[in-house]
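Visitor: Given next are the chains, with one letter for each unit.
There are 2 protein chains.
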Amino acid sequence: MRTEYIEKLAALMKESGMDAVLISPGEELTFFTGFSPMMCERFQGLFVKQDGTCFYVCNLLYGDQLRSELGEGVPVYTWFDNDEMTEIVDGILEQQGLKGKTIGVNSTAQAFNVLDIAEKSDITFRNAKPLLEEVRIHKTLEEQEYLRQSAAIADAVFLEALDFIKPGKTEGQIMDFLFERMQARGASFVEAIVASGPNASYPHYEGRDRVIQEKDIVLLDYGCAFHEMMSDMSRTVFVGGISEYEKQLYDLVERANAASEALAKEGAWIPDIDKAAREVLDEQGLAKTLVNRVGHGIGYSTHEGPYIKQSNPRRLERGMAFSIEPGVYLSGEIGMRLEDIVMINDKGETEVLNKSPREPMVVCPIEGYHG
Amino acid sequence: MRTEYIEKLAALMKESGMDAVLISPGEELTFFTGFSPMMCERFQGLFVKQDGTCFYVCNLLYGDQLRSELGEGVPVYTWFDNDEMTEIVDGILEQQGLKGKTIGVNSTAQAFNVLDIAEKSDITFRNAKPLLEEVRIHKTLEEQEYLRQSAAIADAVFLEALDFIKPGKTEGQIMDFLFERMQARGASFVEAIVASGPNASYPHYEGRDRVIQEKDIVLLDYGCAFHEMMSDMSRTVFVGGISEYEKQLYDLVERANAASEALAKEGAWIPDIDKAAREVLDEQGLAKTLVNRVGHGIGYSTHEGPYIKQSNPRRLERGMAFSIEPGVYLSGEIGMRLEDIVMINDKGETEVLNKSPREPMVVCPIEGYHG
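Order-wise, the sequence lines are chains C and F. In terms of our numbering, the first sequence opens at residue 16 and continues consecutively. In terms of our numbering, the second sequence opens at residue 16 and continues consecutively.
With the rest of the complex left out, here is chain C:
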């Protein structure tokens, strides 16, 4: 159990008037407890109270497993399929002094169960996702160091990937190559998007079947966990050569990325960072193709606070780490993205953690081809 983070959460609850926070299985539960069980439709979760004590509620099916995972310090209460869940939970909340109180929920809490409990036990449930993000938004010295090392793994693998990408390979083969090479360097969790040709125009492309062609664009977006700290970088690679039009678009994306990174200083107003990239893209009227935020925080998970978007009115602080990833996406035609992780370190300096080349990289050049 990460008790120092439980204490931070308890302090934040006090500030925001929550008497407890419910953390259902998922990444947030793993962060606090070191494990996360399967979750089916049966209500379960860890309750953290404002005084820093915790208890767990689950179905009888999972009781033994939870007790052995959580150990002595955290009581585990169970309900049985033949009981009415809300009646049993009502008794538990009564015993824990939470009936009629305000309880926050994490990102995986199931609305249908929470609403049933609210009705039965007169609970006011509220969104506690921002609190759970705030708890770990300022990275410790150790977390900062692992973020650097995680980014270094991604960088090293990029250079290796440049030798691997060739016409005839599938997107899936390139993904598997990235996975293997990150794992070979000690990464414990790996993820990747490899989007080639028109597929690069979909920011969240999920396929792996297209075969790389000569003169393709290949967008790589990947990362891994190293000592629990995630990396996440994107580079756009040109197969055979780069056309004038591609060069022009790439230059725009690179300058958009540079404009946001230049503003990412301690104390910077986050909405301005999003805006800076869009202003560059709008030199060509292309800001509207950037359909997502310019960046997201990173650490124990790939997406966490602080989100780099105009609807996040706050300033950058020491210990924050986040992506800067503007792109241009012309649906079904062409897409490019340049993504680095940026960190405001403990001295208040800005570090761009990814050191991979920013210039357009051409692999397998075709003699005489300039697009």
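For the record, the hints were derived by calculation from the structure and aren't laboratory data. Quick caveat, the model's predicted, so the values are computed rather than measured. Be a bit skeptical, because a hint or two may be false.
[Unchecked claim] BS3-like cross-link-like pairs, simulated, lysine-lysine; straight-line CA separation at most 27 Å:
| hint | chain 1 | residue 1 | chain 2 | residue 2 |
| --- | --- | --- | --- | --- |
| 1 | C | 135 | F | 262 |
| 2 | C | 290 | C | 362 |
| 3 | F | 135 | C | 135 |
| 4 | F | 230 | F | 280 |
| 5 | C | 135 | C | 114 |
| 6 | C | 116 | F | 262 |
| 7 | F | 116 | C | 114 |
| 8 | C | 116 | F | 116 |
| 9 | F | 324 | C | 135 |
| 10 | C | 362 | C | 181 |
| 11 | C | 116 | F | 64 |
| 12 | C | 135 | F | 114 |
| 13 | F | 184 | F | 262 |
| 14 | C | 29 | F | 64 |
| 15 | F | 290 | F | 362 |
| 16 | C | 114 | F | 184 |
| 17 | C | 135 | F | 184 |
| 18 | C | 290 | C | 262 |
| 19 | C | 114 | C | 23 |
Following the hints, complete the assembly by docking chain F onto the known chain C.
Guide: Chain F in isolation, oriented as in the chain C frame:
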């Protein structure tokens, strides 16, 4: 779009005083629309209104995909990362006449998003999972026929598996065998638990690594989709032979299963069916080891209504299909389960869809071994 089921849902909304139902991505959305997109932390879902009309709300990132999947009839509204989501959704709900109204939620709706929307737009959200289950709780003639065929695939594969299970095979190899054989018979979705030795004592065992030993018990629990209708059966297999103690436990489980199946007639009171199995198990004081309900409905998903448990006070009706799966589980020691799918058909007759042997099956007998 399954319009006949949308109409059923609309009628149920009227009865229960809901003005709309929100269906976020997952199996329930696939059921109604034929597809389900990825869901991240960004709010999205299909709203079905009491008048049977629908609209979809999602992040701009997913807008194009959703429009192409949903076609002309369903308007898709998007919000952008740089907007405050709740403000945009508030405008949409206002336009759709839903501000201040009561909206039901499905099983994947995220509590944190729903609570934020409730606060901003004065919505009363309620659990609509029971409505979504009710919509399809009575299987049509066609669904009944595919349930039979899906069960027949599982039965056929069981006989093949008896030749495959041997000391030295891993649980994972047996799982893969079940998957391949079901797929070879036309199944489009396959799932399995293979729990050997002490692992059989955990009803929801998830491993695949243990190597089968002589004198093991191997619990198989598996099924597949055939024309969208799921099968789900469990059999307990004895490697080398069966001891007197095992025979005695198995006999108890078999009689518990038979007792519940004997009661499963049109009009039967569901809590009695659960109770019947437990009464048999309690001849040996073992009802308390059955930590889950005796059964669950089945159809488009493996677990749906009607749940066969004492906290489900209703009667069996024509068209209902469900599992009967009592077991005995002595944690870390021994476990057994016997599961069939039972259906009340359109004539009101009870059909046990699984025809696999009920007697204890011994594979690779050891000469002279009787436990």
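Visitor: Does each hint fit the structure? Answer for all of them.
Guide: Do the hints match the structure? See the list:
| no. | hint | verdict |
| --- | --- | --- |
| 1 | C:135 <-> F:262 | violated, 45 Å |
| 2 | C:290 <-> C:362 | holds, 26 Å |
| 3 | F:135 <-> C:135 | holds, 23 Å |
| 4 | F:230 <-> F:280 | violated, 38 Å |
| 5 | C:135 <-> C:114 | holds, 10 Å |
| 6 | C:116 <-> F:262 | violated, 52 Å |
| 7 | F:116 <-> C:114 | holds, 26 Å |
| 8 | C:116 <-> F:116 | holds, 24 Å |
| 9 | F:324 <-> C:135 | holds, 21 Å |
| 10 | C:362 <-> C:181 | violated, 43 Å |
| 11 | C:116 <-> F:64 | violated, 32 Å |
| 12 | C:135 <-> F:114 | holds, 24 Å |
| 13 | F:184 <-> F:262 | holds, 24 Å |
| 14 | C:29 <-> F:64 | violated, 39 Å |
| 15 | F:290 <-> F:362 | holds, 26 Å |
| 16 | C:114 <-> F:184 | violated, 52 Å |
| 17 | C:135 <-> F:184 | violated, 50 Å |
| 18 | C:290 <-> C:262 | holds, 23 Å |
| 19 | C:114 <-> C:23 | holds, 24 Å |
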